[in-house]
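Peer 1: Listed below, chain by chain, are the residues.
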Amino acid sequence: MTYPLDSDAKFQQYAHPEALVSTSWVDQHKGSAGLVIVECDEDILLYNTGHIPGAIKLDWHTELNHPVFRDYLNSTEMAALLSSKGISREDTIVLYGDKSNWWATYAFWVLKLFGHEDIRIMDGGRAKWIAEGREVTQETSPLASTEYPVVERDDSKIRAFKEDVLKHFGKPLIDVRSPQEYTGERTHMPDYPDEGAPRGGHIPTAASVPWAKAVYEDQTFKAIDELNVIYRQEAGINDSADVIAYCRIGERSSHTWFVLKYLIGIEKVRNYDGSWTEWGSAVRVPIVKGAEPGAVPVGF
Amino acid sequence: MPEITPSATEILEAFNEVPRLAKLDLLLEYADQLPEIPENFRDRPELLERVEECQSPVYLITEIESNRVRVYLTAPVEAPTTRGFASILQIALDNQSVQTVLEFDDGFISSLGLTELVSPLRIRGMHGMLNRIKRQVSEKI
Chain X
1 MTYPLDSDAK
11 FQQYAHPEAL
21 VSTSWVDQHK
31 GSAGLVIVEC
41 DEDILLYNTG
51 HIPGAIKLDW
61 HTELNHPVFR
71 DYLNSTEMAA
81 LLSSKGISRE
91 DTIVLYGDKS
101 NWWATYAFWV
111 LKLFGHEDIR
121 IMDGGRAKWI
131 AEGREVTQET
141 SPLASTEYPV
151 VERDDSKIRA
161 FKEDVLKHFG
171 KPLIDVRSPQ
181 EYTGERTHMP
191 DYPDEGAPRG
201 GHIPTAASVP
211 WAKAVYEDQT
221 FKAIDELNVI
231 YRQEAGINDS
241 ADVIAYCRIG
251 ERSSHTWFVL
261 KYLIGIEKVR
271 NYDGSWTEWG
281 SAVRVPIVKG
291 AEPGAVPVGF
Chain S
1 MPEITPSATE
11 ILEAFNEVPR
21 LAKLDLLLEY
31 ADQLPEIPEN
41 FRDRPELLER
51 VEECQSPVYL
61 ITEIESNRVR
71 VYLTAPVEAP
81 TTRGFASILQ
91 IALDNQSVQT
101 VLEFDDGFIS
111 SLGLTELVSP
121 LRIRGMHGML
131 NRIKRQVSEK
141 I
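Note that the protein sequences, when read in sequence, are chains X and S. Heads up: the first sequence is residues 1 to 300, going by our numbering. Heads up: the second sequence is residues 1 to 141, going by our numbering.
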């Protein structure tokens, strides 16, 4: 860890306090060498309307996704992207964004596929920074390009594919979508466009824990006691569990993945980024409709 | 023959004149120009139609006044991209004749050259707005 950790008492309750920083920590350290502040939002223009001074923009959709096929950038492409952004392998990356850091945790997960070590989420994200009246600017200050090394993307530890899910029945699965998507009443998030999954419902045995349960109204993460109630007591996840989380395209479940792994401290958590847009469209996979998780399917 | 309006042509020229990355700044300028909807609709949200194709809450209503179409759109400031799309369509279509709006060329949206910059998924919201404007107008004549 290049940078001093944030000693904020709230973070010390979590399994990995080093993965979080507060807005005041960012305010104090922004502009320091070796620290790159990165904004990642749902809306590609939000950064342009005003951002933390010195912060750079990373767009989940046009930059992290492969431009042609459904995957993330490969190792060479990611090295080129991060080099052009001016990020070095040793840098401390602080991610923040809109909607309770939904897209910031997605970028966190993607960067972890490439093993970037020191990445931290700014608790409360963009909304908290602005609510506190901290400085924002429209001025962009691109960093000098670097030579980020080509690092092999490791899909084996924190990423799950459809085939992994089919072999996973009997172990914890978490569906982080809205209750209506879970029951099959609708195939996309309320207020969001339908991205084409033709079937409604959920993966058999999945527990329904909508992702936003993990944050307060001010968009900061809930205290550990409250998270333990939601995920350990109610969803039955324990330390030795092997968990897969999914949503519609893998972004909301990155948020839950972050909460389970870095805040609660569950070692083995994977994000199934194919999620419902793949599962709900796939041929010959089991689906359960309604509010009950459903039994372990036979013959799959 | 589908055609676009003179104000839409001006918008196209503006987008085609600027370099690739400056197109986003231009879109943001349009986002800032989206007028508020008239007061009588502000108090009657049930009259507005939700544009389901957009990620953020976007609502629209059209009115026809002596064969002229009035177009009103709302989009949150937290969603500047969507707001920019709404503003562009509002400028392009407001105060045009019914026939002009109904025959407005859908290809205008892709001609802006924004699809690759903001992603095809996001641009779908703009198509949703245009389709709904046309549908409302066709239902009101």
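Keep in mind that a hint or two might mislead.
Among chain X residues calculated to face chain S with C-beta under 8 angstroms, some are [to be verified]: (1) ASP43; (2) ILE44; (3) ASN48; (4) THR62; (5) ASP98; (6) ASN228; (7) VAL229.
None of these hints come from the bench; they were simulated from the model. Since we're looking at a predicted model, the values are computed, not measured. Glycine residues also receive a C-beta, built at the ideal position from the N, C-alpha and C atoms.
Peer 1: Now look at each hint and say whether the structure bears it out.
Peer 2: Now the hints, each set against the structure:
{"no.": "1", "hint": "ASP43", "result": "5 angstroms, holds"}
{"no.": "2", "hint": "ILE44", "result": "5 angstroms, holds"}
{"no.": "3", "hint": "ASN48", "result": "5 angstroms, holds"}
{"no.": "4", "hint": "THR62", "result": "5 angstroms, holds"}
{"no.": "5", "hint": "ASP98", "result": "7 angstroms, holds"}
{"no.": "6", "hint": "ASN228", "result": "32 angstroms, violated"}
{"no.": "7", "hint": "VAL229", "result": "30 angstroms, violated"}
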